[in-house]
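Read off the chains here:
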Amino acid sequence: MMAIPTIVRERTPQLVVLAVILALNAIISPGFFSIEIQNGRLYGSLIDVLNRGAPVTLLAIGMTLVIATKGIDLSVGAVMAIVGAVAASLITSGYSLPATLAGALFVGLACGIWNGALVALLDIQPIIATLILMVAGRGIAQLITEGVILTFNDKPELIFVGSGSFLNLPMPVIIWIVLAILAILVVRRSALGLLIEAIGVNRRASTLSGVNSRVILLAVYAVSGLCAAVAGVIAAADIKGADANNAGLWLEMDAILAVVIGGTSLLGGRFSLIGSLMGAMIIQSLNTGILLAGFPPEFNLIIKAAIILIILIVQSPASQTAMANFRANRQTMAIKTESREHAAR
Amino acid sequence: MANAQPLLSVRGVSKAFLGVSALESVDFTLKAGEVHALLGENGAGKSTLIKIITGAYRRDEGEVLLEGTPIHPRDVVDAQKLGIGTVYQEVNLLTNLTVAENLFLGRQPKRFGLTDIREMNRRSRAILDTYGLDIDVTAPLTNFSVAIQQVVAIARAVDISGKVLVLDEPTASLDAHEVKMLFAVVRQLRERGMGIIFISHFLDQVYEIADTITVLRNGRLIDTVPVPGLDRLKLVSMMLGRQLESDIKRTIDPNTARSEPLVSLRQLGKRGNIDPLDLDIRQGEVVGIAGLLGSGRTETAQLVFGIERPDSGTISVAGKPVNMTSPRKAIAQGFAFCPEDRKTDGIISDLSVRENIIFALQAQRGWMRPLARSEQEALADRYIAALDIRTSDREKPIKFLSGGNQQKVLLARWLATNPRFLILDEPTRGIDVGAHAEIIRLIIDLCERGMALLVISSELGELVGYSSRIIVLRDRKMVSELTGDEISTDQIMKAIASHGATGEAA
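Chain order of the listed sequences is A and B. Quick note: the first sequence uses this note's numbering, first residue 1, plus one each step. Quick note: the second sequence uses this note's numbering, first residue 1001, plus one each step.
Chain B with its partners taken away, still in its complex shape (with noise of 0.2 angstroms):
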């Protein structure tokens, strides 16, 4: 295969918005058969170069052949006519029409001039048969977990493309076991001949799955190599462009065990969501939470934040009980809470990063004691220097940040309250390596500091790192909690794994 022509090739395309190069001179091989990863941090141009190929941007330079003819795709549609097709992070399907519907939306067989449905389920039936999913798709997409929903748009780009899959970031939702599902089709594609560009922040899933990397840094081209035999470490530091400094290792303070915890959960749970726990959280301690994706994770965090209202338990702050009803109840107690879904329950994306930054604190004084202008520049200023929130300007709206800056605004918008709890709920998730040990190092630092924490988080080598304590959750309840030298990969690992659970976490 080695000579063989390239199936996609990309070269020397340049892109700038508004006079600000985004691409400069880029060159990109894709082969038949093959699983190239796309690596960078954010900004380093990925999704720009991915839009080019896509169709969803115009180059502004170079050149782009598809099987050694130039192509040069008006829009999504035309790139998918000729042959490449593209799945999102977040499906872009319709989850209210069935799993047959998803997959023709748009084509349906005709028969006199009315959609064939039994003609399309037979075919549906047929095409997903091929990826070993039998599922009944008569049944609404919503019925089934995001990694089938995502073998539909796998499936449904494949049938209409056929030529090129791009995956960008299939992973970021899925679980150890979703995603061993998801690699099993990605295989099947590579030795069906396809070309399969993947994009994730999961170095583990690249090693996995990729045969060659291609590293991006800022809108440049760094290097195209093979997968086999290649150093990690030599990876992260062509991405970041500078040596990563070694494991960060931490010691306990062995007198913050024997205080009188902060937080106190007693039975608290709710039906459905969380069986009852008991829990104490201490100053000066980060309590690290793993477990799979739906094994009530969040769940728990809502039940402590006030957002779900619990049907059992109690919880108690410093001794006392409170009556947790609201987040407004929680913030009062010194509560602050950075959820894992950043888009819809964090950022306010129209609004600057300064008023995100002093939005919880404005919103905990009320509306009558407005904050001063000079009092919120100052604020956000002091944040964006100590957080190293990158943005070009205070007054610029939140939504045109990276995920990492966005995470950091969060982070940011909770120490401005300067609570005694912080919850944070996959807090690295989706962000670049270099945000990402950061806010590893921000976590430590605040701990030192005497905050108490509550870290849930899919990545257990982060978690082990810094947590003082781990409990482990599974199928909604805890199952485990390990203290002082068992915590440990492995000891998460048995946890989740015994009682027959298949799967091991991402």
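The following block holds chain A by itself, in its conformation from the complex (with noise of 0.2 angstroms):
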């Protein structure tokens, strides 16, 4: 009963910044929260939030256990890249779509976990491990394209991943929020998330402790990696294609972002999967509003830092202490005015 209530008490600051940003796209563009169903799929600015925030959405599912953990990983957008390549070169190629999306999640797979043996098994520090991938994976990427965008517009059955709809919704859609459900199912249901906050506090106090600290930095890259497989089907699914060089460009700072957005630190520990798909869903909301209102495009990276810079001012700690000066002395005020009443009577 209680649950709810404590989750929303705990999101509050990201639901209070969605809401304005919605609202202030709906000022800028009338029709934005009106939806209509069109052949069979739903329709409208709020659906188009949803489907486009898709690979941020999946991306930070991953970048909030990685970071909870103390770690980042900037390979995931170069991560999206190479299984977009694989994925068009597979089905290209003549394999089926089970064959295709098999091997294209197992690639990413196992750049999560080369990602994940660099920083557990050799503890190299995390910043520089999956920088290797970032760097590497768009030439790796360009290798198995061969330096064209392979596209594959007669394979209606992997364009589906991207641009299909069910039970009304768009494919993407349905994938990230049940990729979502089950990752917060997986984490909170089990003891994984307390392990992996622990190790994120103090990982020497975790391994004295018994905790299996490699395997599961090792599963947190590994999970990253195949978020960023998924992103990276329905980045290319989308655009009927594998373009080396764009797909996932700058989504890692997206993703890392979202997390911070949503109230996970850093600094690692504690963490909040629904806090950083709120906070994936204000980047996304920011960018449909920028390209609603019409700016300019070179307007557009320098409004969007602006305001991400007013979120994360609003949230540090700095910040937090002044809220939390300021309701104490109301309080005491209050309840200053209310002994002064007493003693009146």
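If you are wondering where the hints come from, they were derived from the structure by calculation, not from laboratory data. Bear in mind that the values here come from a model prediction, so they are computed numbers and not experimental data.
Only pairs whose alpha carbons sit at most 30 angstroms apart, straight line, appear in this in silico DSBU-like list of lysine-lysine: (1) 70(A) <-> 1343(B); (2) 70(A) <-> 1396(B); (3) 1180(B) <-> 1494(B).
Mind assembling these two chains? They're in different frames, but the hints should get you there.
Now the structure itself:
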């Protein structure tokens, strides 16, 4: 009974920010909240936010777990490019959709395990360990596509993953929502969440208490690779081709931002998957809003950066302390007035 | 000196945090040329008072006078400039810089706009010379022992401030010999006319060095008394606010000595850590390890618990040899280990008391088999009650608990795994007197219920009180094993001191 109110209370700042940005979008574009059904699929700006946000949301799931262990995964954008290239080349070579998907996900998983092995077994700092694949990844993707944009306009089964719909909802939305629920259930219904947080707070103490820290670290990077793989397949299916240079470009930064906006600290420890999902939605609402507003494109990144800066300032420890003091003052003032009233009586 | 104006005078200082009072109208007077010990259980308000004096906190009420002038330090740097310097237990220096750089950090002598290294080294040598310390000031600080780092920190603080020196548990990680060296420095500063505020949990040291003692309890001043003639029991009861029970004496059941050993070490050792040693530990037995800091005590425990890998010898549990390659394997054998350094090796600071208590048990079960929330709460509540863990709430992050209560949570974490063999490394270090007695009682209680314990402690009186046997380590070697009537503080000290080793145990 108490679970939902607690979740809502903990995520109030994110909810408020999301609501404000959506309201701004509605002001800019009056039809923002209208949703209609055409050809058995929901259409509307709100649905578009959910749909376009799919890659960042998926990356944010894996990124949250990695960041909770005090790590970071810079390679996810490059992994998306690799996986897109693998999927495109498998499907154009005549493999079936299940074989293509299996191959693509396997490659993503392998990338994640590579990162995890560098971090967990060789104790390389995560930012450096994953930078290797971030740099090398686009080269690998180009090797796979042989330097061209590998298109698959004649493969409707793979395109369906990016632009099809099911139960009136676009496929990407269904995929990220299902995976997000799955991730939240696995992490919170098992002890995995606790162990991940503990490793992030104090890896040595966790190991001394009997946690198999190396295996768990390896696992979170593997999950991050897998999430990037799913995002990579969606991104490729969406444009009906694999673009080694641009697929997932800078999305690792959006994913990290989504996690931070969602309230998970880069210092590791306590994490919130729901918060990260909201963070991803906030970023996507911003992107959509900026497009709808019709600003000259050169302003887009500046406006986005400015708004994110405001969000982070509001969330910063300094302003949190200020807020707490303000509240405490108001409380003591209330108590004082009350006691004065008592005295008056 | 009795009539002279006090060097530092604190009058009616109060401080509250978000409505919770931490210090209530406390007076404190420090004279020049005095070592003034500040005592009290954890949470008594010692650190709050110190932080107000050193400018880390602002007081809510009251005044602080330095040489008769009211002061309002804005921050620690401001207080330093006024003449109040502090040295903390964990040395706040940069160990990768040289000794001289540490002494002059932020105020390097300049020449043509660049640091004049020669001048800095020359002045550093001169400063350290006054402390009788002749070390290479161009070597990185990390090359030196904690005691020398401590003296460097003091030298820096005195050089910058020079009127009042606050020593916050300076001896907590020093061995007896190093404590002597530090005290020589403190006495010298006292003769120079500085006022020294000394905080320590070691009553022996307080008696040795302090001229005056101020006791705080629950944020209030209990009393300020001169040390000569102060009865020890009276002091402890002032700190606790209750009468201390008489010494705990323990009788050992002679049958345990004949039973089969639970854990046997045979020629277990690791080069550079501890020379090969043999040791048997039986159920219902406390084996104590005594020795100076660096004698190989912690290293022995780490080999047994699989944290370090031995390069010789074997460990057997209940007669069967075991390959102890990780803490996980040790835990699977029913081992448990409360480490010496609670902060880095023990507590998981951001997690709640509940999560910290169930943590080892959950790790043992694996992530697939989570403990139900209700089970976790029941376990946490049981141990909070059983060990009298003082926390307002089981969901409070453990970092907000005092040292003694954190230690109890760590004990609870291991007791929840129902171990056969418990290793405690300095279980009573840095915790207040009340929790101290409770942990000793718990050790005896666990032993009587048939657990095997290996306890490392610098408090020899304590070890003698509860150990069935004591092994003494010196210079990474086992030099003596004391049983039965041989167990006494004297015998341990003799074993440590034999072969020309100087100094006595802390």
